[in-house]
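**Student:** Single-letter residue listing:
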Amino acid sequence: MPREPFHRRLFRALLRLFPAEFRGDFGEQMAADFEDQRREVSAQPRETRRLWFRTVLDLAARAPREHLDALWRDVVYALRSLRRHKASTAVAVFSLAIGIGLNAAVFSVVHGVLWRELPFPDGDRLVQVGTLTPGEQRPGMLEDVAYHDAAQRIQGIASLAGAAFLPVTIVEPGEPVLFGCSAVTANFFDVVGTSPILGRTFTPAEYAQALGDREGKGPWERPSPRVMMLSHALWLRLFGGSPDAVGTLVTLAGGDRVEVVGVAGRELESSLGTIASGCWTPGELPPPRVFEGGSRFWNLSVLGRLEPDVSIHDVQAGLNLVEIEPRWTPAGDEVPLLRAVPLRDVVVGEVRTQLTLLFGAVVCVLLVTCANVASLLLARASGRRDELATRAALGATRGRLVRQSLTEALVMSAVGGAVGLFLALWTVPLVIDWAPTNIPRLDGVGVNWRTLLFSTTAAVVIGVCCGLLSALTARQGLALQPSSGRATPRVGGLRQGLVVAEIAVALVLVVGATLMVRTVRALGTVDLGFDPSHVISAVLPGTPQEQAAAIERVKALPGVVTAGVGGGPLDGGGMFLGGLTIPGDARELDTVRVQPVTPGYLEALSVRVLAGRLFEERDLAGDGPSPIVINRTTARQFFGDIDALDRTLMNGQTDPQIVVGVIADLREASLEAEPGPGIYQVATRSRNFSTSDMVIKVDGDPDALIPPIRSIVRSIDPEAPFRGITPLQDNIDREMAPRHFVLQLIGLFSALGLALAVIGVYGVIAESVTQRVPEIGVRMAFGATTGNVMRLVLRQGWRLAVIGVLLGLAGAAALNGTMRAQVYGVGTLDPVTYAVAALCLILATVAACLIPARRAARLDPVAALRAE
Amino acid sequence: MAERDATALLPLTPAVFHVLLSLADGQKHGYAVLKEVEHRTDGAVLLSTGTLYGIVKRLLADGLIRESVAGSDDRRRAYRLTAFGRKVALAEAERLRDLVLSAQAKKLLAGAAV
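These protein sequence lines are chains A and B, in that order.
Using the working numbering, the letters of the first sequence map in sequence onto residues 1008 to 1875.
Using the working numbering, the letters of the second sequence map in sequence onto residues 14 to 127.
Okay, chain A solo, but in the shape it has when bound (with noise of 0.2 Å):
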């Protein structure tokens, strides 16, 4: 055939433009029209490309509506497809909403608290700066030596800014209240990027001054403030939020009275992690100096801004070299590492591998959802085989169908996902309600254009993944089987792929669920080292001496065994110390946790004494090196042996401390952090602290020993700073309640996940049983029992499950990684964990297999056989 001219070549390379179908229908016309129009005017070129700039104009203009309209017949198309079959279309829609709208809802917590840059300019830019424990995320206090080192050497940040707790109370105006407040160097607020909402931050004048009132002063002691900013949350407690708060006085315990001259953002209370601080005051540090006896005190927190185009890496090039007083584990000679770390990763902490988990658990919900919508699809296309093979016939290009599968797939996805939008703007205050509150930045989270691009996406690529799954099955059918006339395939092989992989997905949440079940039963049961049953925690303020009578008073109180003062258990309460030498050895020890307590706080924790004894009154006073008490860990590390009893430490050269006691460890930091070394002195004889809670033991109900616990701490110091009296059992629960929450969302999610696939697997099994009545009819026929059948289809359920089980095993084992960090008191691949989830797998499968396996053995042969 002699190749075709030009034009015409060119003429049909724009009817492309057009769709197929329209095409199909007018392209032969439309071809030979235009070439009766060329010919017409061939002998006057003017014309001819009149004709042409007109005809490709016009094609061009044309081309798009007819696209639009096609695209408009397949929706109108769809929509009337969806409603003849009303069943499987709500349960399709329904399951969709259900996993995009938990998708949509949960990435709005996790974007919010996660990924959000903090509310300050560049804030992504923040660093903290401190040393970094092995094994642990948020960097530790900086001494001051080590903040002055720091700032000369770090590159690639030009000012660090640093903030050193300080607790304050506040008795005027209003109720007593006892504050932490954050002393800051005089760049803090620039470089944290921030300014008052009301009134101003401090003048370098005040910043001098505050550098002058430390002036002679151990590194501990603080003079009081003279200027203060308040937070936003303690500005509305003190002043109800009323802009005459800019100049007023405020009166502290012990009747120094401080100017308050400003007021700072709520960003402040949520996005500096453990500097936020319920007021601010002008802490300019002194020069780097060594503190008497050689002990140093660890209470700065450390912020940077990296410059532009710094990279956190660079920074911790020139971090590495700033000498960190070289500590002694038993280890070796380890030195804590100092390290910047984005400062939105200290403020969210360890809820970032909670809600991470949370995430891929409601993203697995989304796969077998969208398994099971493919699955409901595949089936509607095989039972359109007949349909689809008549409309090819007559002349339905294979992309014409295509498209239509493709636009009943998304039409599906868009409702079930708008559907699934609203379902996630009700949701999420929900979860933010339901939330323990010790999840940071909930302040922020709401369903924003963020989820809605996310829903949008989810949907869009849920339709087009499903939409071509099955038209792409379905072209399979297309060409009419000569001998039957119509297509009876069995349940396609991808629809069983699609049931399996819905019970391995299940299966993995399943595991994820249980081990969570048993993390919470171990922590449950987890040694504590102490019995915080019917015991009150309370904070108690006042001198040492008042504070020994109100004890006095309080064990005094009918129903209370005995009271001690010491650091409240569980709150990471305690002081870290550095410096301490054995005697004999020149390297230093590494930090303790310190804890200074009156004789009955570890009684009144019953705490298991090992060797020696605990405090007794006779330890009060004297001379000579102070006694204390030490964990088991410390016993360990320091002495080798738990028979450390008699043995002594040196804190400075003048301090000896002698040990009476080994006790076995207390869980003071967390429930599940393993107890470091810990160290109890006297509260009378410790030269470093004072200490403020109560532990109180109680023979009957805790709660009706507060209210005479109360007035006691009240008639002491009416002043007293009410922080709350309540039983330790409370705040086990508040530091249970991250992981209960993520727990009860999780096994929301897994019991989801476990009801859609057994729909699946129902769908697939009802439907295969239909398909292969005429079989069971000739087989009841041939003297099959309702046994025999019942097993047969049995049997088909039982091989998905069985290869659903071993994938989503070999999957579960596969990310037992993600898992390891959230799990406590069993392994990640805990074989009792997998075979209880693979066991409910398979009988749930197996369920969901009855059903149809009755109606099946319930046929009667002869009208089963009359149907074929």
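Just so you know, these hints were derived from the structure itself, not from any lab.
Each residue gets a CB set at the ideal place from its N, CA and C atoms; glycine is no exception.
There may be inaccurate statements among the hints.
Claimed, not checked - List of simulated lysine to aspartate or glutamate pairs, EDC-like, C-alpha gap at most 20 Å:
no.	chain 1	residue 1	chain 2	residue 2
1	B	70	A	1035
2	B	48	A	1054
3	B	70	A	1028
4	B	41	A	1035
5	B	48	A	1047
6	B	48	A	1076
7	B	41	B	75
8	B	41	A	1047
9	B	70	A	1065
10	B	70	A	1032
11	B	48	A	1065
12	B	119	B	107
13	B	70	A	1538
14	B	100	B	75
15	B	70	A	1073
16	B	48	A	1035
17	B	70	A	1047
18	A	1562	A	1538
19	B	41	B	107
20	B	41	A	1032
21	A	1562	A	1708
22	B	41	A	1043
23	B	48	A	1042
24	B	100	B	55
25	B	41	A	1042
What the hints assert, rightly or not - Taking beta-carbon pairs under 8 Å as the criterion, some of the chain A residues facing chain B (in silico):
no.	residue
26	1029
27	1039
28	1040
29	1041
30	1043
31	1062
32	1066
33	1069
34	1072
35	1073
36	1176
37	1179
38	1182
Keeping the supplied structure of chain A fixed, place chain B upon it in accordance with the hints.
**Tutor:** What follows is chain B alone, placed relative to chain A:
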């Protein structure tokens, strides 16, 4: 088929009306329609193939025209007005006449009132 309301499709676009007009006196294939419209309007309305067949597709779908077996050959199909198509064209013509009459009544347009 139930009686359809011809006025429901009004007003027609000028191009659609021209296509219907050109088919009013008998079946034609596409090229003939193009030429007829061009001649009748002295070249003021120049339809191109894209526009023409877009219109043809809609008119076919709405049942205003249908393919004529008699006039079609293997390359081209001829189209003719259906009874309904004729009604629609007539309704549009009447609508346009009423407009012209209104314009004349307002002395905007010269000419005798009919």
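**Student:** So which of the earlier hints does this model not fit?
**Tutor:** 6, 13, 17, 19, 24, 36, 37, 38
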